[in-house]
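My request is simple: use the sequences and hints to build the entire structure.
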Amino acid sequence: DAKTTQPTSMDCAEGRAANLPCNHSTISGNEYVYWYRQIHSQGPQYIIHGLKNNETNEMASLIITEDRKSSTLILPHATLRDTAVYYCIVRANNAGNMLTFGGGTRLMVKP
Amino acid sequence: NAGVTQTPKFRVLKTGQSMTLLCAQDMNHEYMYWYRQDPGMGLRLIHYSVGEGTTAKGEVPDGYNVSRLKKQNFLLGLESAAPSQTSVYFCASSGTHGEPQHFGDGTRLSIL
Numbered sequence: 001d002a003k004t005t006q007p008t009s010m011d012c013a014e015g016r017a018a019n020l021p022c023n024h025s026t027i028s029g030n031e032y033v034y035w036y037r038q039i040h041s042q043g044p045q046y047i048i049h050g051l052k053n054n055e056t057n058e059m060a061s062l063i064i065t066e067d068r069k070s071s072t073l074i075l076p077h078a079t080l081r082d083t084a085v086y087y088c089i090v091r092a093n094n095a096g097n098m099l100t101f102g103g104g105t106r107l108m109v110k111p
Numbered sequence: 112n113a114g115v116t117q118t119p120k121f122r123v124l125k126t127g128q129s130m131t132l133l134c135a136q137d138m139n140h141e142y143m144y145w146y147r148q149d150p151g152m153g154l155r156l157i158h159y160s161v162g163e164g165t166t167a168k169g170e171v172p173d174g175y176n177v178s179r180l181k182k183q184n185f186l187l188g189l190e191s192a193a194p195s196q197t198s199v200y201f202c203a204s205s206g207t208h209g210e211p212q213h214f215g216d217g218t219r220l221s222i223l
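Residue numbers (the working numbering), protein chains in the order written: chain X, 1 to 111; chain R, 112 to 223.
Hints listed in this document are in silico derivations from the structure and should not be mistaken for laboratory results.
Don't take every hint at face value.
Partial list, derived from the structure: chain X residues whose beta carbon lies under 8 Å from chain R [unchecked claim]:
1) 12
2) 41
3) 43
4) 44
5) 46
6) 93
7) 101
8) 103
FRET-style restraints, in silico, Cβ to Cβ [claimed, not checked]:
9) 40/X / 184/R: 24 to 30 Å
10) 139/R / 25/X: 36 to 42 Å
11) 123/R / 54/X: 43 to 49 Å
12) 45/X / 207/R: 18 to 24 Å
13) 223/R / 25/X: 41 to 47 Å
14) 139/R / 40/X: 28 to 34 Å
15) 161/R / 41/X: 35 to 41 Å
Beta carbons: idealized from backbone N, C-alpha and C, even for Gly.
In structure tokens form, the structure reads like this:
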């Protein structure tokens, strides 16, 4: 699976959009981009995933560049409860659906 | 709707003791996983299973054994616990075909 690079930490003001970048320049054509988050040492929570088209659900939007070498997770109106570590993971949907977690981005939402 | 349930939530062991961590899922998922997470780090895959009766090694399998005798349960065993195995252990499950993984709340294990 391709390696991802994320900033170590970011701050965001409550009520503003949080834009979390992820670089995956070595991504292959059959690899998806997944985003999970982990709130205060709880189990990771799935947020969203995509292949090449932009995706949106009730939690967030995922914007993938046309060359697929980077993506951005957007939390449209961040709240204090969105403070967490956000993991960007690139993975092919092969047998096992395994995930490889990096260090992630620690997002701090401030009042 | 329980999802993924891990038992126990906390445990303290002495070096050399053995124990089994239990993971149960009620979503009829084919795949199940065991991860460990050390302070300040991401999760690392220990073992996983793609179906009842099957298991496979992940990134950090040494010192652990697993069994998947029933589809809904995935057991993680430590035969002779070592201080280096002090960690938070997470279980997860998923369906096939790229479905996302669902995680339990973790087991905090300390080995003295």
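Is 24 to 30 Å a correct range for the gap between the Cβ atoms of residue 40/X and residue 184/R?
-> 27 Å, holds
Would you say the C-beta atoms of residue 123/R and residue 54/X sit inside 43 to 49 Å of each other?
-> 47 Å, holds
Do the Cβ positions of residue 139/R and residue 40/X conform to the proposed distance bound of 28 to 34 Å?
-> Taking Cβ atoms as reference, residue 139/R and residue 40/X lie about 29 Å apart, which means the hint holds.
Status of the given 36 to 42 Å range, CB of residue 25/X versus CB of residue 139/R | Taking Cβ atoms as reference, residue 139/R and residue 25/X lie about 38 Å apart, which means the hint holds.
Indicate whether the distance between the beta carbons of residue 45/X and residue 207/R respects the range 18 to 24 Å.
-> 21 Å, holds
Go ahead and decide if the range 35 to 41 Å is satisfied by the Cβ distance of residue 161/R to residue 41/X.
-> 28 Å, violated
Holds or violated: is there a CB of chain R closer than 8 Å to the CB of residue 44/X?
-> With a closest approach of 5 Å, the residue 44/X hint holds.
Can the hint on residue 41/X be confirmed by a CB-to-CB distance to chain R that is less than 8 Å?
-> Since the shortest Cβ distance to chain R is 7 Å, the answer is holds.
Go through the hint on residue 12/X and say holds or violated, using the shortest Cβ distance to chain R against 8 Å.
-> Nearest chain R Cβ about 21 Å off; hint violated.
Once the shortest beta carbon distance from residue 101/X to chain R is found, is it less than 8 Å?
-> 3 Å, holds
Go through the hint on residue 46/X and say holds or violated, using the shortest Cβ distance to chain R against 8 Å.
-> Since the shortest Cβ distance to chain R is 4 Å, the answer is holds.
Restraint outcome when residue 103/X is required to lie within 8 Å of chain R by C-beta distance | Because about 6 Å separates residue 103/X from the closest Cβ in chain R, which is inside the 8 Å limit, the hint holds.
Of the numbered hints given earlier, the model fails hints 1 and 15; all others are met.
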